[in-house]
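Chains A and B, in that order, give the protein sequences.
Per the working numbering, the very first residue in the first sequence carries number 1; after that it's consecutive.
Per the working numbering, the very first residue in the second sequence carries number 1; after that it's consecutive.
If you are wondering where the hints come from, they were derived from the structure by calculation, not from laboratory data.
A couple of the hints might just be wrong.
What the hints assert, rightly or not - Derived DEER-like restraints, expressed as beta-carbon distance ranges:
hint, chain 1, residue 1, chain 2, residue 2, range
1, B, D113, A, S186, 19 to 25 Å
2, B, H70, A, L292, 16 to 22 Å
3, A, A277, B, D113, 27 to 33 Å
4, B, S16, A, R333, 54 to 60 Å
5, B, S16, A, N344, 48 to 54 Å
6, A, R301, B, K69, 26 to 32 Å
Said to hold, decoys possible - Listed below are the simulated DMTMM-like cross-link pairs for lysine to aspartate or glutamate, each with C-alpha atoms no more than 20 Å apart in a straight line:
hint, chain 1, residue 1, chain 2, residue 2
7, A, K140, B, E111
8, A, K140, B, E112
9, A, K185, A, E161
To be verified - If you want the footprint, here are the derived chain A segments under chain B, 3+ residues with CB under 8 Å:
hint, stretch
10, 32–44
11, 83–96
12, 251–260
13, 309–322
Predicted, not measured: the structure shown is a model, and the values here were computed from it.
A virtual CB, placed ideally from N, CA and C, is assigned to each residue, including glycine.
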Amino acid sequence: MFNPQRLVIARERRAMTKKGLAELIGVTTNTVHRYEGGEIEPSNESLESIAAALDFPIAFFAGADVDQPRRENASFRGLASKTARVMDAALQSGTLAYLFDDWVSTIYGRVELDLPQFEPEMSPQVAAKLLRQHWRLGDKPIENMVHLLEAKGIRVFSLAENTREIDAFSVWRNDIPYVFLNRFKSSERSRFDAAHELCHLCLHKHGGAAAIHKNSPIEKDAQEFAGAFLMPDADLRAVVKSSIYSVEDLLPYKKRWRVAAVALAYRLREAGMIGDARVNSLYVEMSRRGWLKNEPNGMPREQSHYWQQVFDDLRNSGITKAAITAATGIPGRELESLLFGLANMLSIDGDGARTPRRKVDLRVIK
Amino acid sequence: MKVAFMNTDQRTGIPSKIPSCVSERGSVAELLINQNYAAAHPRLFDDQIEIDPILTYDFWYLCAFVSEKHIAAELSRPIELTNALVSDYSERVILWQPGEKPGLRRPDGVEEDFAEIELPTLKRR
Numbered sequence: 001m002f003n004p005q006r007l008v009i010a011r012e013r014r015a016m017t018k019k020g021l022a023e024l025i026g027v028t029t030n031t032v033h034r035y036e037g038g039e040i041e042p043s044n045e046s047l048e049s050i051a052a053a054l055d056f057p058i059a060f061f062a063g064a065d066v067d068q069p070r071r072e073n074a075s076f077r078g079l080a081s082k083t084a085r086v087m088d089a090a091l092q093s094g095t096l097a098y099l100f101d102d103w104v105s106t107i108y109g110r111v112e113l114d115l116p117q118f119e120p121e122m123s124p125q126v127a128a129k130l131l132r133q134h135w136r137l138g139d140k141p142i143e144n145m146v147h148l149l150e151a152k153g154i155r156v157f158s159l160a161e162n163t164r165e166i167d168a169f170s171v172w173r174n175d176i177p178y179v180f181l182n183r184f185k186s187s188e189r190s191r192f193d194a195a196h197e198l199c200h201l202c203l204h205k206h207g208g209a210a211a212i213h214k215n216s217p218i219e220k221d222a223q224e225f226a227g228a229f230l231m232p233d234a235d236l237r238a239v240v241k242s243s244i245y246s247v248e249d250l251l252p253y254k255k256r257w258r259v260a261a262v263a264l265a266y267r268l269r270e271a272g273m274i275g276d277a278r279v280n281s282l283y284v285e286m287s288r289r290g291w292l293k294n295e296p297n298g299m300p301r302e303q304s305h306y307w308q309q310v311f312d313d314l315r316n317s318g319i320t321k322a323a324i325t326a327a328t329g330i331p332g333r334e335l336e337s338l339l340f341g342l343a344n345m346l347s348i349d350g351d352g353a354r355t356p357r358r359k360v361d362l363r364v365i366k
Numbered sequence: 001m002k003v004a005f006m007n008t009d010q011r012t013g014i015p016s017k018i019p020s021c022v023s024e025r026g027s028v029a030e031l032l033i034n035q036n037y038a039a040a041h042p043r044l045f046d047d048q049i050e051i052d053p054i055l056t057y058d059f060w061y062l063c064a065f066v067s068e069k070h071i072a073a074e075l076s077r078p079i080e081l082t083n084a085l086v087s088d089y090s091e092r093v094i095l096w097q098p099g100e101k102p103g104l105r106r107p108d109g110v111e112e113d114f115a116e117i118e119l120p121t122l123k124r125r
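Just chain A, with the same shape it has in the complex:
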């Protein structure tokens, strides 16, 4: 049974227009439009062409309706510069994440959500402090943001290659928060994005985090929250004792809080520890050195604790990537995209067939 919703999901996931798909499968745009509207069903032959063009298994198009993250529920960073097609592709990778997450949840228990909700009017600095208190983190740096989010019941996934223009986005699905991080950025920036999305989840759940623009107050709040959450005021003042004159002076400190040098400079200004002129000169020098694009002394990417445990257990149970695709309809490379950099999936690669054992001729040599 063909499910038109799934055709929309697959097409949008590939950031393809109806016209583009129509050309690939040799039908008119109107025909694709009618497939998606459920007015007509594609023939078996057309369905095979669709599956091949979109690189999804045929079985995917026969599945039941699935939840989809909607633009109005999702908070994207820097929305203004993103095209609708890229955003839809990112949202549809969210749909696949839901599908995969549902499948995983049938096998494994999940961590109960522990995420307080604050009034949207609350100052981001105060919210960051309260959240740290609630989670009993004190003022010390966070070693791994992905671990922290997972430990509090937040689902963390990666954004796929064709949506790398997007920094991150977060979305609520009923009462479960999901965060999608751009794993192609530096680890420091990805951590900051995670903290930024954390702000939207605890401060803007009901406050219209959707359709936010880079310069919107909500976006600025999230930046401020991320800075304060990752680099608490008390720790900053206790540790940064010498003056910051040069970008070089930022390096040892950025290692402590695992943030980008530029984020640290702005946070120091926010805390009143350096002035506007100094931040501007640091910014100019960082730009000149290319530090705004390539982080100096970059740290390794944060990996997921939860997903690695899942894949290790799946491997021990003999469940391969092919088996997951068969069960969920999610193509193997989409699974890889969703968990890119978060967990090592090599352990469940392959189709489950064992390598045939070679008969070995042994001779006794006297």
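Based on these hints, arrange chain B on the given structure of chain A.
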């Protein structure tokens, strides 16, 4: 005021150290430096140093040190020579690029000390 260029050593641009030149100064430079010294240390009843009238200007050096790692420069007013090498200045203007502070010590040994996070263990249903 006149400014002359002078190649100096690795102490250039470091406020706590005094750079010196890499080659000996000539007699004209010596006269000018002595005049700088006199201007910097005026004394009421000392004999006046006789100086060529055309050399009655304030004399400064643009000191530069270039290595493979960085360039340091300062605009400094020499007042002392030792063995024909500049050994002191009355004023130094260290030329820094934006965000640069050559020669000063960087903070180091910042501790890595993280908040504790209890990682959940995977449980099968």
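So which of those numbered hints doesn't the model satisfy?
-> When the structure is compared with the hints, numbers 10, 11 turn out to be violated.
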